[in-house]
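Engineer: Below are the chains, spelled out letter by letter.
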Amino acid sequence: MKDFGNPLARALNLALIAGAWLIVPGGERGEWWREWRAELWQARHEHACDSRVSWASERALFGFCLGAYQDALCLRRLERRTHPVHRVRFGAAWQCIVSMVVLLVVSYTPSRVLPGVRAERKLARVPTRSGLVLIQDANNEDSPATISSGQYRAWKERKQEFFDDFAFYRVTREKVRWPQHDGSGWSIARASSNFFSLVGLPLQPVRAESGIVLSESAWRREFGANLDIAGSEVQLGSRRATIVGVVPDGDWGLPGKVDAWLLEPESQGTSAGAGYVVAHLSSSGESKVRSPRVQITSYAPHRTPDDFLGISVCHDVPTPLRIFLFAVLLAMLALPAVTSVSISEYSVSFDEVSWKRQALCWGFLAAKIALLLPTAYFVSVGVGYGLTTVTSASATYLQLAVSVFGCLLGMCWVLSDQRKRCPVCLERVAHPARVGQFSRTFLAWSGTELMCTGGHTLLHVPALPTSWFSTQRWMFLDPSWKFLFADPVQE
Amino acid sequence: MAPGKNPDTRLSHTAAMILQALDAGFIYGFSIMEMTGLPSGTVYPAMRRLERDDLIRSQWEKQSIADAEQRPPRKYYKMTAAGRATLESSRKRYPLLERLFPTEEVRKA
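Line by line, the protein sequences are chains A and B. Residue 477 in numbering that gives the first Met the number 0 sits at position 478 of the first sequence, and the numbers go up by one each step. Residue 81 in numbering that gives the first Met the number 0 sits at position 82 of the second sequence, and the numbers go up by one each step.
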């Protein structure tokens, strides 16, 4: 079979027809495609006999191919008449639930993708021990690295009343080398070997003479997140150290940005120079020290007492979940001021509706609230931590604001939607009809009437709330109305 | 009653032209387009409706014939008895219809 005309133009023609092919009903696509290909061949044979592009003929062929869309739509219409699809009611309960589930999935996605939100999740993973206090010189609050290693040893050796353990670390900049790598400058925290057990991070006891613990960011950056890195050796100046683990990144509340922690056994003594001392409150200390900042006076034999400042390093930063729960509380308190919380009055007893329908009605309301809350949570986390840095205070406030407004607006919508749903079939009432005149409110009823498309109920919404008709009312329609509704919803 | 069952069915002028073209021996879509001067977006949907109403029926050309002429097989359309009856009544309604195209006999002559 010989093809005519320019191959690119021919491909474009075929692509156009392929687009129309998608509209054709599934069962007829094969034959339709075959016929239109044959007709296109014939058209090209007539209009484009050589390989040169003639704009006039290509325009004619383009018009010919566009006709395929009208043909496909015609077939689709004929198919619809032959096999009418079941009419989908607008505002069905299942549509509402499906829409909310889709919204939940869409709002959840950013919490898995946005870097800020992922960082927040990592931060929440960092386990820290309660009762940790960072001790620093009371006269030099600006620089917390003011405690000498000698002072640390003195505290550690003496029996303490308020603290049961101390750890020391000092941050230095050092060049680190390892095989197949010339080395780079790292921020190294030389820490006492009990550091991780004191702060409460699970770490196996260090068997190597000098163990080094990498931060997660350094592990990913320098070693490409190699899982077999444990046991490898790195060179810090003239000293060799064995990599013994990786700790998650996160704001532990301790000062100093660190790429790795070099654990030095107590027998070797801690490195000279001023550093940070972290202490853990004993049970008696915890009962007596309640303030996040506490003045500490250290007494030593033959010396004048020294004053220090103890600052709690426990995470008192509220987690996103706690912020959200607080926001939900605020939203619930504010809700009655924004909208009416009553669902509605009923002109006849609700007993007309079976208990199953009643349970379904309340279950539907509960399902909407259950889907709304996680959606609002994920949106608030996405906005709060996706747009700001994780340690920023604005992230907390932003999340709180988004949570409150999200929950408030969401609950208003949930209640408003519930008020417009027929208590029998849970479909939204439709066909609003204006009844009466607003100016004659006190002489005759004035408002809007809406009808359940299934023929179960009529909803009266007053135009102006009055003492005798303050909220909307449902009126249950008796079976004599049924003949008006061609396609009643099955009860 | 389906339109095809009633010879008095009133066809649109376009549909009548297509039936007339078929009667004149133009029996596949593109040839009808060329002869009537109607665009593809009119001819093909009209033929779908005529086929639905049993006024015409379609049949694929044998592959061997198409292979011999080095082209894809065509889908040929043919008028049914109901289609002929309807065309006759349409000719009364549109007297100039017969003069639009030469019939097979005229062309042979």
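Hint data in this document are derived by calculation from the structure and do not stem from the laboratory. Don't be surprised by glycine CBs; every beta carbon is placed ideally from N, CA and C. There could be a bad hint or two in this list.
Negatives, chain A to chain B, calculated, CB over 12 Å [said to hold, decoys possible]: (1) L39; (2) L72; (3) L74; (4) L77; (5) F161; (6) S196; (7) E221; (8) I295; (9) V413; (10) D416; (11) T447.
Among chain B residues calculated to face chain A with C-beta under 10 Å, some are [unchecked claim]: (12) M46; (13) S57; (14) P71; (15) P72.
Short, incomplete list of chain A residues facing chain B, as computed with Cβ under 7 Å [stated by the list, open to error]: (16) E38; (17) Q69; (18) G409.
Engineer: May I ask you to check that A/E221 keeps its beta-carbon over 12 Å from the closest beta-carbon of chain B?
Structural biologist: Its Cβ never comes within 12 Å of chain B, the nearest being 63 Å, so this holds.
Engineer: Would the stated hint for A/G409 survive a check requiring a Cβ distance to chain B of less than 7 Å?
Structural biologist: violated, 48 Å
Engineer: Quick check for students: does the CB of A/L77 sit more than 12 Å from each CB in chain B?
Structural biologist: Non-interface label on A/L77 violated, nearest chain B Cβ at 6 Å vs cutoff 12 Å.
Engineer: Hey, does A/D416 actually stay past 12 Å from chain B on C-beta?
Structural biologist: holds, 42 Å
Engineer: Are all beta-carbon distances from A/S196 to chain B longer than 12 Å?
Structural biologist: Its Cβ never comes within 12 Å of chain B, the nearest being 80 Å, so this holds.
Engineer: Tell me if the interface restraint on B/M46 is satisfied: Cβ within less than 10 Å of some Cβ in chain A.
Structural biologist: holds, 9 Å
Engineer: The output says A/F161 does not contact chain B. Does that hold with a beta carbon cutoff of 12 Å?
Structural biologist: holds, 90 Å
Engineer: Please verify that hint: A/Q69, Cβ, nearest Cβ of chain B, below 7 Å or not.
Structural biologist: holds, 4 Å
Engineer: Verify this label for me: A/T447 is non-interface relative to chain B, using a Cβ-Cβ cutoff of 12 Å.
Structural biologist: The claim stands: A/T447 keeps its Cβ more than 12 Å from every Cβ of chain B (closest is about 44 Å).
Engineer: So, as I understand it, the hint says A/E38 touches chain B; can you test that by seeing if any CB pair is closer than 7 Å?
Structural biologist: This hint holds: A/E38 lies near chain B, its Cβ roughly 5 Å from the closest one there, short of 7 Å.
Engineer: Tell me if the interface restraint on B/P72 is satisfied: Cβ within less than 10 Å of some Cβ in chain A.
Structural biologist: Hint holds; B/P72 Cβ to chain A Cβ min 6 Å, cut 10 Å.
Engineer: Grab the minimum beta-carbon distance between A/I295 and chain B and tell me whether it stays above 12 Å.
Structural biologist: holds, 89 Å
Checked against the numbered hints above, the structure violates hints 1, 2, 3, 4 and 18; every other hint is satisfied.
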